[in-house]
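Asks: In order, the protein sequence lines correspond to chains V and S. Numbering-wise (numbering that gives the first Met the number 0), the first sequence opens with residue 0 and increments by one. Numbering-wise (numbering that gives the first Met the number 0), the second sequence opens with residue 0 and increments by one.
Source of the hints: derived by calculation from the structure; they are not laboratory data. Treat each hint with caution, since some may be false.
[As the list claims (entries may be wrong)] Quick list of the computed label-pair ranges, beta carbon to beta carbon: (1) 396(V) / 111(S): 23 to 31 Å; (2) 460(V) / 119(S): 41 to 49 Å; (3) 51(V) / 233(S): 53 to 61 Å; (4) 282(V) / 111(S): 38 to 46 Å; (5) 302(V) / 85(S): 51 to 59 Å; (6) 311(V) / 21(S): 20 to 28 Å; (7) 378(V) / 111(S): 35 to 43 Å; (8) 110(S) / 198(V): 34 to 42 Å; (9) 433(V) / 28(S): 26 to 34 Å; (10) 302(V) / 8(S): 44 to 52 Å; (11) 153(S) / 203(V): 48 to 56 Å; (12) 403(V) / 172(S): 25 to 33 Å.
Note that the structure is a prediction, hence the values are computed from the model and not measured. Note that CB positions come from ideal geometry on N, CA and C, so glycine has one too.
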Amino acid sequence: MKKQRIALLGAAVATAVALAACGSNSGGASPSSSAAADANAVVQVGSLYEPQNLDNTAGGGQGITEAFNGNVYEGLFRLTDDGKVEPLLATANTVSADGLTYTFTLRDGVKFHSGKALTSADVKYSIEKVLAPDSKSARKSSFPEIKSIATPDPKTVTVTLATRSISFIYNLSYVWIVNDQAGNLSAKEDGTGPYTLDGWKRGSSLTLKKNPSYWGTAATNGGVVFHYFTDGSALDNALLTNAVDVVTSEQNPDALAQFTDNPAYKVNDGHSTTKLLLAFNDRVAPFNDVKVRKAVSSAIDDKKLLQSIWGDHGELIGSMVPPTDPWHTDLTGVNAYDVAGAKALLAEAGHPNGFTFTLDTPNYDPHPTVAAFVKSELAKVGITVNINVITPDQWYTKVYQNKDFTATLQEHVNDRDVVWYGDPNFYWGYDNPQVTAWIKQAEQAGSEAEQTELLKKADQQIAADAASDWLYLYPQIVVASTKLSGYPVNGLNSQFYAYGIHKG
Amino acid sequence: MRRRVFLIAGIVLVALVVGIALVSLFWTPFPAADTTGGRLEGPGAHHLLGTDKLGRDLLTRLMIGARIAVAVGLGAVALGAVVGGVAGLLAGFANRWLDDTLAALLDILIAFPTLLLAMLVVAARGASLGSAIVAIGLAMSAIVARLTRVLVKRVLAMDYVTLARTSGVSWPRIVTAHVLPNIWPTMAVNLALQFGLAVLAEASLSYLGLGPPPPNASWGRLLQEAQSTVLTAPIGAIAPGVLLVVLVVGVNLLADGLRDVADPTRRGHR
Numbered sequence: 000m001k002k003q004r005i006a007l008l009g010a011a012v013a014t015a016v017a018l019a020a021c022g023s024n025s026g027g028a029s030p031s032s033s034a035a036a037d038a039n040a041v042v043q044v045g046s047l048y049e050p051q052n053l054d055n056t057a058g059g060g061q062g063i064t065e066a067f068n069g070n071v072y073e074g075l076f077r078l079t080d081d082g083k084v085e086p087l088l089a090t091a092n093t094v095s096a097d098g099l100t101y102t103f104t105l106r107d108g109v110k111f112h113s114g115k116a117l118t119s120a121d122v123k124y125s126i127e128k129v130l131a132p133d134s135k136s137a138r139k140s141s142f143p144e145i146k147s148i149a150t151p152d153p154k155t156v157t158v159t160l161a162t163r164s165i166s167f168i169y170n171l172s173y174v175w176i177v178n179d180q181a182g183n184l185s186a187k188e189d190g191t192g193p194y195t196l197d198g199w200k201r202g203s204s205l206t207l208k209k210n211p212s213y214w215g216t217a218a219t220n221g222g223v224v225f226h227y228f229t230d231g232s233a234l235d236n237a238l239l240t241n242a243v244d245v246v247t248s249e250q251n252p253d254a255l256a257q258f259t260d261n262p263a264y265k266v267n268d269g270h271s272t273t274k275l276l277l278a279f280n281d282r283v284a285p286f287n288d289v290k291v292r293k294a295v296s297s298a299i300d301d302k303k304l305l306q307s308i309w310g311d312h313g314e315l316i317g318s319m320v321p322p323t324d325p326w327h328t329d330l331t332g333v334n335a336y337d338v339a340g341a342k343a344l345l346a347e348a349g350h351p352n353g354f355t356f357t358l359d360t361p362n363y364d365p366h367p368t369v370a371a372f373v374k375s376e377l378a379k380v381g382i383t384v385n386i387n388v389i390t391p392d393q394w395y396t397k398v399y400q401n402k403d404f405t406a407t408l409q410e411h412v413n414d415r416d417v418v419w420y421g422d423p424n425f426y427w428g429y430d431n432p433q434v435t436a437w438i439k440q441a442e443q444a445g446s447e448a449e450q451t452e453l454l455k456k457a458d459q460q461i462a463a464d465a466a467s468d469w470l471y472l473y474p475q476i477v478v479a480s481t482k483l484s485g486y487p488v489n490g491l492n493s494q495f496y497a498y499g500i501h502k503g
Numbered sequence: 000m001r002r003r004v005f006l007i008a009g010i011v012l013v014a015l016v017v018g019i020a021l022v023s024l025f026w027t028p029f030p031a032a033d034t035t036g037g038r039l040e041g042p043g044a045h046h047l048l049g050t051d052k053l054g055r056d057l058l059t060r061l062m063i064g065a066r067i068a069v070a071v072g073l074g075a076v077a078l079g080a081v082v083g084g085v086a087g088l089l090a091g092f093a094n095r096w097l098d099d100t101l102a103a104l105l106d107i108l109i110a111f112p113t114l115l116l117a118m119l120v121v122a123a124r125g126a127s128l129g130s131a132i133v134a135i136g137l138a139m140s141a142i143v144a145r146l147t148r149v150l151v152k153r154v155l156a157m158d159y160v161t162l163a164r165t166s167g168v169s170w171p172r173i174v175t176a177h178v179l180p181n182i183w184p185t186m187a188v189n190l191a192l193q194f195g196l197a198v199l200a201e202a203s204l205s206y207l208g209l210g211p212p213p214p215n216a217s218w219g220r221l222l223q224e225a226q227s228t229v230l231t232a233p234i235g236a237i238a239p240g241v242l243l244v245v246l247v248v249g250v251n252l253l254a255d256g257l258r259d260v261a262d263p264t265r266r267g268h269r
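Just chain S, same shape as in the assembly:
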């Protein structure tokens, strides 16, 4: 039952941020580029959360930041799932030699710090939302691939799969009928966790100035911009920080709850 509470809390927190992101597509309190506010106005009736140095509405920028965070999370997870999933499946089905090679490559890729990899991608492609998604998605794909490989191998070692293989069932059929249904619950939980990591990675990149270029209002950039004004206008640093925590904690609770609901190996442990 306690687990169910986590799941619901997770859904609520994530829905809150995703809701903000969706609303920002249609409506924000002010236009994104509006600089008519005063310098570092405090929270008030006109600007609910106050303004930044340039007089831009903080709430507007936070809403756009939510959009960027969700977009990067979804984009990176999609890229990581496709690239990592395919690589993991291949390695799982491959002969010994190819499997060892792929595994070694994945280990090397995993040993690379995500931020270092991201810097390489940004250096090659220039700083943009797309670069951030590609960089984080690529780093993630190595982790996803390694997990997929292990899960696939476990399924392939099952007796009924061996039976299917010896009775001549085709590879694609084995993948769709036996492998995917068995591995997706664990994959889903892992991808949800990776979503949280991707959001944090994007915030770090933006904080370092390697994320989407200004005037994009990524939360990491908001934190960076608020750093110099933290003594006079602390809300500028607190608000994006809190939202970042809400989203990442929400996603983690959601993943935790999902695992108990979806993972067949854990059913009955409740």
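In isolation and in its complexed conformation, chain V is listed as follows:
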């Protein structure tokens, strides 16, 4: 009995003090003495996103995009850190008058890491790999139907589409060009990028070293090591103790104080494309009524919520389109915070005394905290929220696949994803034939101006209809040692180009 009691006390004390000990390291990096960058220095990167495998068409996850996109593998086009699409392995492309046939000319002198020269056959193989039936590429469904891919000569690829697709070039920036002879790439690589894979310790780190025979401008550092952490505090401590030079995506605003006050670190506030949604099931009562959706959207103080979760970081959004998308309009004034207006709308909709609904809430941060806030806000207009906490797997099956929900919280990470509101079968079930038509026409538009115009119209309509409640846009916070410069700060779609980083 004695022993048990001691263990009991020990456990209680440990629970109480363990948290206080977290991240209490006050040490910092000393400012660098040498001003000149060392072209052979190795950059130590700290990340929370370890790859599942090394193939982005086999479910490698956002971790492999972060480590390999642009670093080890390259596409015909590149999405720059400020959201522009520019040619990379393609030097020129022409589009036929009907917008269905694209002809790409490949860059000369490009070699894979295995030594083989890049040919049009590799490009054909790579595109087909993304579109294959067993492909798990996140971008697979964004591609238009491809009728044929022809390779008239080793330097030319001709792709014929079944329908016009203005986003085709943009979507190609996610297609890694791989060696068609390479075989299974889930544990090795054969790309054309400025780095080659030097080693991968599962659960720990992934090492890239400079590719000495790169076709373009060589990397400004000798290599990169991605260190993987599962806990944000541990990652912060690694940065404080110089174990890593940069944290790709800081998720805790309250950990930033230890870096903002320290001259050895720089905190960068970039743009992300991750939006937090209170997604209604627009098919079912009471959210099939636009007035109810507008009332709920106006009853929640998004500004206070954002401030609660992210402190002074992040920004408000009025719709699914973040400011970095070309068709952004500031719609934060639509269904803005207005409790009296919300009550009036509820009364008009036949719910003068409110109603009760269940909010399916993923069990990881920040969703449970956000759910508690939504519950307390909606209580003010008479709506009772039952919070149902579920795992990510349950969310995928119950909400995403079976659409068996009334409302849910979810973060949507991709850019240019307003187009999902054009699909009535998507999980939130928004079905406005006009919006569906606009989004379809936008994809088949003849010019980007026309596409932008149509998507702006669609965006304004979904905002007016309160298709979902867009709570806020996440910040993208990169914290780095001041010894580093030239790192990307926006992390669009979780990519992290390392080849321009100087370490001095």
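Position chain S relative to chain V; hints supplied.
Replies: This is chain S only, laid out in the frame that chain V set:
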């Protein structure tokens, strides 16, 4: 005498937390869902212990947490005592074959980590206050049953009980007249210790997100929520941690003191 001090200290600490829990039923400084405070306000006149990220009053949430902790402790102990007590009595009275089977089952149940068992219950029933009580109570019942079985067997082996049995006294009469009066002091001490373990188990479950769902202010959840803000607002982690220690230490001191007062086998050792 030293023991008496422990007992009194235990009673004071437990009474403190139970008192807070009772008061919270009638009064808290702010309504539970009130988010009018600022983000992570420090302790002050308006919010005595400050606020959390959402601007909720920390003292209010701690008081509600005390209510949840006491409710889970009492609920789990009641469930564990009834289920475990009955199973233990049965095993104690049973014939050899049934006794061996029950004992083996109990050993298997005890070998299951409480948290793993709790996760199974939560997966089956969904996360709620009831699930937490059922999960912890079930895990506890195995321990209670094993103890009850041993105590019952010891009493049944006494000469006067054998005499009563051979002279035809009925089973229920033996249980009420001889078994229960002899085993309850040890049982009470053990259940008090189990109360402390149940409170810690609930805090662990809530910390892992398997306890009562938000906005329930379980201490384990408060600790979890305060984890990310421990550098800027340490009070959010310290306060629920201290209360957890106060309750569990209090219950343990109380159990220790109770044992000396109530356990007949230890009288005279003082």
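Asks: With reference to the structure, classify each hint as holding or not holding.
Replies: These are the hints, each one checked on the structure:
With their beta carbons about 27 Å apart, residue 396(V) and residue 111(S) fall inside the hinted range of 23 to 31 Å. In this structure the supplied range 41 to 49 Å holds for residue 460(V) paired with residue 119(S), their Cβ-Cβ distance being about 47 Å. In this structure, residue 51(V) and residue 233(S) break the distance hint of 53 to 61 Å, their C-beta atoms being roughly 36 Å apart. At about 42 Å, the CB distance of residue 282(V) to residue 111(S) agrees with the hint of 38 to 46 Å.
Checked against the given bound of 51 to 59 Å, the beta carbons of residue 302(V) and residue 85(S), roughly 57 Å apart, stay inside it. Between residue 311(V) and residue 21(S) the C-beta distance comes to about 41 Å, which lies outside the given range of 20 to 28 Å. Between residue 378(V) and residue 111(S) the CB atoms are about 40 Å apart, so this pair conforms to the stated range of 35 to 43 Å. Between residue 110(S) and residue 198(V) the beta carbon distance is about 41 Å. The supplied range of 34 to 42 Å therefore holds.
Between residue 433(V) and residue 28(S) the C-beta distance comes to about 51 Å, which lies outside the given range of 26 to 34 Å. At about 49 Å, the CB distance of residue 302(V) to residue 8(S) agrees with the hint of 44 to 52 Å. A hinted range of 48 to 56 Å for the beta carbons of residue 153(S) and residue 203(V) is consistent with their spacing of about 55 Å. In this structure the supplied range 25 to 33 Å is violated for residue 403(V) paired with residue 172(S), their Cβ-Cβ distance being about 56 Å.
Hint violations for this structure: numbers 3, 6, 9 and 12, all remaining hints satisfied.
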